[in-house]
Amino acid sequence: MKSIREQVAAWARTKSPWIIHFNSGSCNGCDIETVAALTPRFDVERFGIVQHGSPRHADVLIVTGAVSKQQKDRLVRIYNQMANPKFVVALGACAAGGGVLQNCYGVLGGADKAIPVDLYVPGCPPRPEALIDGVVKLLSGIKGVENAK
Amino acid sequence: MPKITVPLGPQHPALKEPGNFMLLLEGEEIVDATLRLGYNHRGIEKAAEARNFVQATYLIERVCGICSHSHATCYVTNVENIAGLEIPQRAKAIRVVIGELERIHSHLLWLGVAAHEIGFDTLFMYSWRDREYVMDALEALSGNRVHYSMNTIGGVRRDISKEAHEDILKKLDILEERTNYYIHLATQEPTLHARTKGVGALPKEEAIRRDACGPLLRASGVARDVRKDDPYLIYDQLDFKVITSDACDVFGRLYVRVFEILESIKILRQVLSNLPEGPFAVKTPFKIPAGESVTRYEAPRGEDIHYVKADGGPNPARVKVRAPTLANFESVSYMLTGDQLADAPLIIAAIDPCFSCTDRATIVASGKQSVQSLKDLRTYGIEFYKKKGIDFTKVK
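If you're matching them up, the sequences are chains R and B in order. Per my numbering, residue 118 is the first one in the first sequence, and the count goes up by one each step. Per my numbering, residue 68 is the first one in the second sequence, and the count goes up by one each step.
These are computed hints drawn from the structure, not numbers from a lab. None of these values were measured; they are calculated from a predicted model. Even glycine gets a Cβ: it sits at the ideal position worked out from N, Cα and C. Any given hint might turn out to be false.
[Said to hold, decoys possible] Here are the simulated SDA-like pairs of lysine to any residue, each with C-alpha atoms no more than 20 Å apart in a straight line:
(1) Lys113(B) <-> Gly226(R)
(2) Lys186(R) <-> Pro233(R)
(3) Lys453(B) <-> Asn220(R)
(4) Lys455(B) <-> Gly226(R)
(5) Lys189(R) <-> Tyr452(B)
(6) Lys454(B) <-> Gln187(R)
[Unchecked claim] Here chain R is said to cover these stretches of chain B; the calculated rule only asks that three of the stretch's residues, wherever they fall, bring their Cβ under 8 Å from a Cβ of chain R:
(7) 83 to 90
(8) 103 to 113
(9) 185 to 197
Using the sequences plus the hints, can you model the full thing?
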C-alpha cells in the first residue's frame with residue numbers, strides 16, 4: 118500500500134508531464150514527427166503534455182537518433198540536469214539501438230549506451246500515433262511506480 | 068562596455084538540431100558569431116561504402132528526414148548515369164510528384180518553425196495542421212510519412228493509382244486556398260512585418276560572394292534554381308516561375324517560400340494531369356560498371372550535390388554529399404553580425420538549417436588549398452582520430 122504522499126505525487130506526475138526533446142544525432146525524421154505530435158492533428162496537449170526548452174523544468178526526456186560520439190557527453194549532461202523523478206523515451210529505431218547507423222564510426226549506438234531508458238518507441242520514424250501510444254503507456258507506468266527514482 | 072560571449076546550442080529550444088553558435092555580444096547587439104558543427108557527424112558516407120548499391124539508396128535517404136527524397140534521387144540518378152540506364156518517363160514524373168510534395172511539406176514546416184521563433188504560435192499551429200494534408204498525400208503514395216523510399220535504381224518502387232491521383236488533386240485545392248491565406252498574412256500582417264523586415268540582412272553581392280543557394284539566395288534577388296538552370300527529370304517540360312525577392316532579409320525569405328508553395332502546386336497539377344503511361348521502373352543490371360558521376364538537385368533548401376564513384380565492385384567506392392545548408396552557413400555569421408540577440412534564433416531558422424545534412428568531414432589545412440588523394444585523406448583521418456583515442460584501423 119502506497120502512502121498518501123506517494124499517491125498524490127503519482128497523481129500529480131501523470132496529470133501534466135513536461136517533455137524536453139533532445140536530438141542526439143538524428144536525421145530529423147523523428148524530430149518532425151515529435152513536433153507533429155504537438156500540433157492540431159495529433160495534439161498531445163490534451164494529455165497535459167507540454168514541450169519545454171529547459172531540462173530543469175522537464176519530466177520526460179525524448180531522445181531521437183543514434184547517439185553520436187560528439188553528442189554523448191551533452192546527452193549525459195542534459196540527463197543529469199533534469200530533476201528527479203525523470204523518464205527517458207528513446208524515439209525511433211536509431212535511438213532504440215542504432216538503426217541503420219549502427220557501426221558507423223561516428224556513432225556510439227542507441228540511447229541506452231549513454232543513459233538509462235524507460236521506454237522504446239520503434240519505427241523509422243515512428244508515426245505520431247506511436248509516440249502518443251508510447252507516452253500513454255509511460256504515464257500508466259508512472260502510476261504504478263512504487264519508488265521515485 | 069565589456070563584451071560577453073553567449074553560447075547558443077548544441078541543445079537549445081530554438082534549435083531543433085545540434086549545432087553551436089558562439090555569439091559575441093556588446094550589450095544586446097551581436098558583434099561576432101562563430102559556428103561550430105560536427106555534433107551530428109555519423110559517418111554516413113563511409114557507411115555507404117560498406118553497403119551495396121541498392122542498400123545504400125535507403126541509407127542515403129536517411130541523411131536527412133525532411134529532404135530525404137532529394138538525397139535519394141540525387142544518389143540513384145548518379146548510379147543510373149554510371150550504369151547507363153534510361154529510366155521511363157512515368158518514373159521521372161513520379162519522382163517529380165514526390166519531390167514537389169516534399170517541397171510543399173518542407174516550406175510549410177519552415178513557415179511554422181519561423182512563426183514559432185517570432186512568437187506567433189497560432190501561425191505555427193495553422194501551418195502544421197495544413198501540412199498534414201501533404202503528409203497524407205505522401206503516405207497514400209509511398210506508404211510512409213517521412214522516409215518515402217520511393218526511389219530505386221532504375222525507377223520508382225510504387226505506381227500512382229487512379230484513386231490516389233484524384234485524392235491528391237482534391238488536397239491540392241485545399242492547400243492552394245490555405246497558401247493564399249498565408250500569402251495574405253505574409254503581405255498584410257503588421258506583426259510579421261515588424262519582426263521580419265530588416266532582420267538578418269544579406270545584400271545581393273554578399274549572397275553571391277558567400278555562395279548562398281536556394282531560397283536564401285533567391286530572397287537576395289538572384290534567380291538561381293537548378294530546376295531552371297540545369298533541368299533534370301522532366302522539369303524542362305514544365306511551366307513554373309522562379310520566385311525572387313529584393314527584400315534581402317527574413318521577410319524576403321518568407322515571401323519566397325510561401326510563393327514557392329504555389330508554384331509547386333502548379334507543377335503538381337501539370338504533372339498529374341498528363342502522367343505518362345508505361346512502366347514505372349526498368350530492370351537494373353546485375354553489375355554496376357566502374358565510373359563516376361555528379362548530380363545536382365534543387366532540394367527545398369537549395370542545391371544538393373552528390374558524387375558517386377563506382378569501381379566495378381558490388382559497393383560504391385565513394386559517395387560524397389554536399390547539402391544546401393552547408394553552403395548557406397557561410398552567410399549566417401554575416402547576417403547575425405549587427406543584429407539583436409533576440410533575433411538570433413529567427414535568423415538561424417531563416418536559412419532553414421539542416422544539421423544532419425550538413426555534418427560531413429572536410430579538411431582545411433592551414434588555409435592553403437591543396438589536392439590530396441583519397442589514400443592521403445584516409446591516412447590523415449586515421450592519424451587524426453588516433454590522437455583522440457579512436458582507432459579506425461580496426462573498423463571494417
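These are the hints, each one checked on the structure:
1. Lys113(B) <-> Gly226(R): holds, 16 Å
2. Lys186(R) <-> Pro233(R): Holds. Lys186(R) to Pro233(R) sits at ~17 Å (cutoff 20 Å).
3. Lys453(B) <-> Asn220(R): OK: Lys453(B) and Asn220(R) at ~18 Å, within 20 Å.
4. Lys455(B) <-> Gly226(R): holds, 19 Å
5. Lys189(R) <-> Tyr452(B): Distance ~17 Å between Lys189(R) and Tyr452(B) Cα, so the pair holds.
6. Lys454(B) <-> Gln187(R): holds, 16 Å
7. 83 to 90: holds (count 3)
8. 103 to 113: Our answer is that it holds, as 8 residues pass the Cβ test (under 8 Å) against chain R, meeting three.
9. 185 to 197: holds (count 4)
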